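Participant: Protein chains in written order, with our numbering: chain A, 1 to 104; chain B, 1 to 171.
Since the hints were made in silico from the structure, they are not lab data.
If you're wondering where the values come from, they're calculated on a predicted model, not measured in any experiment.
Be aware that a few hints might be false.
Computed cross-link-like contacts, SDA-like style, restricted to lysine to any residue with a CA-CA straight-line distance of at most 25 Å [stated by the list, open to error]: (1) A/K92 <-> B/F72; (2) A/K59 <-> B/G141; (3) B/K26 <-> B/I40; (4) A/K59 <-> B/I130.
Take a look at the letters that make up each chain.
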Amino acid sequence: MPDISLSQILIVSFGLFFIGVYGFLTRRNMITMLMAVELMLNAVNINFVAFNKYLFPHKGDGLFFTIFIIVIAAAEAAVAISIIINLYRKFKSIDSDVADTLRG
Amino acid sequence: MQIAEFIFYLIATMILVFSMLAVTTKNIFHAAIYLLFSLINVAALYFYLNFEFIAAVQIVVYVGGIVVLILFSLFLTHKVDLDLPAMSWHRTLLTFLLCLMGFAFTFSLVIMNQFESTDHLPVDLSVAYIGRQMLNYGDGGFVLPFEVVSVLLLAALIGSIAVALKTKKNA
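With these hints in hand, go ahead and build the complete structure from the sequences.
Facilitator: Listed below in structure tokens is the structure:
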């Protein structure tokens, strides 16, 4: 991969990360917030893989951490969706503004 | 322009455009489909970087698992053609400027930093190597995080079933 430098891949992953941040802060629907979190986790994975490829090609650490992050993202999505479905039963809505029973 | 370079720019553009559509589109089902395309393009980027195993895991877990899970929960909790309510414009603008500033900051850091190139010989990241390292308890092995993550996954699956279970009270 001599044509593409590490910086170019990092810029793509930072762009993806901040798109995820934007989505997380502007959406109120919980499922779309979850999608934004997935985008951010993907940006982190691209970072790990790119650093492994360009700076530490003699080790596989970035690859293993990417695998662990994917596993944790799957667990997180399962728990988040079960919480969202439970919340929907209680409030008949999945807006994050509706779930305000803790407000004093 | 070289063909490899062109393919990288194509993949990068598709990732950014589809993820931007996924976080800005009004229709929530369209958002899920755009997320699907964005994740597939991330897998394409892994293929481009010669990380075939990660690309396969990305397609199986994200595209085949998480996006399908999100679509199912959308069908459970939404009426089909329901548009998302828009946020107030000043909050959207504030968030946009905040994200732009963060991106500009990291962009300047990446541009100014000189990454040292290595002269190490690349290790062969085959599936056999990954499996051996995953269960290796010696130097550079990953057996402890592997076991921890497997227990975490089991706990998360059982916990999500317990949370989503219908109780008598709110059934």
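Participant: Against each hint, give a clear statement of whether it holds in the structure.
Facilitator: Cross-check of the supplied hints:
Among the hinted pairs, A/K92 with B/F72 is consistent with the structure: their alpha-carbon atoms are about 17 Å apart, no more than 25 Å. Distance hint between A/K59 and B/G141 is fulfilled; the C-alpha atoms sit about 11 Å from each other, no more than 25 Å. Distance hint between B/K26 and B/I40 is fulfilled; the C-alpha atoms sit about 22 Å from each other, no more than 25 Å. Taken as a hint, the A/K59 and B/I130 pair is honoured in the structure, with Cα atoms around 11 Å apart against an allowance of 25 Å.
In summary, the structure agrees with every hint in the numbered list given earlier.
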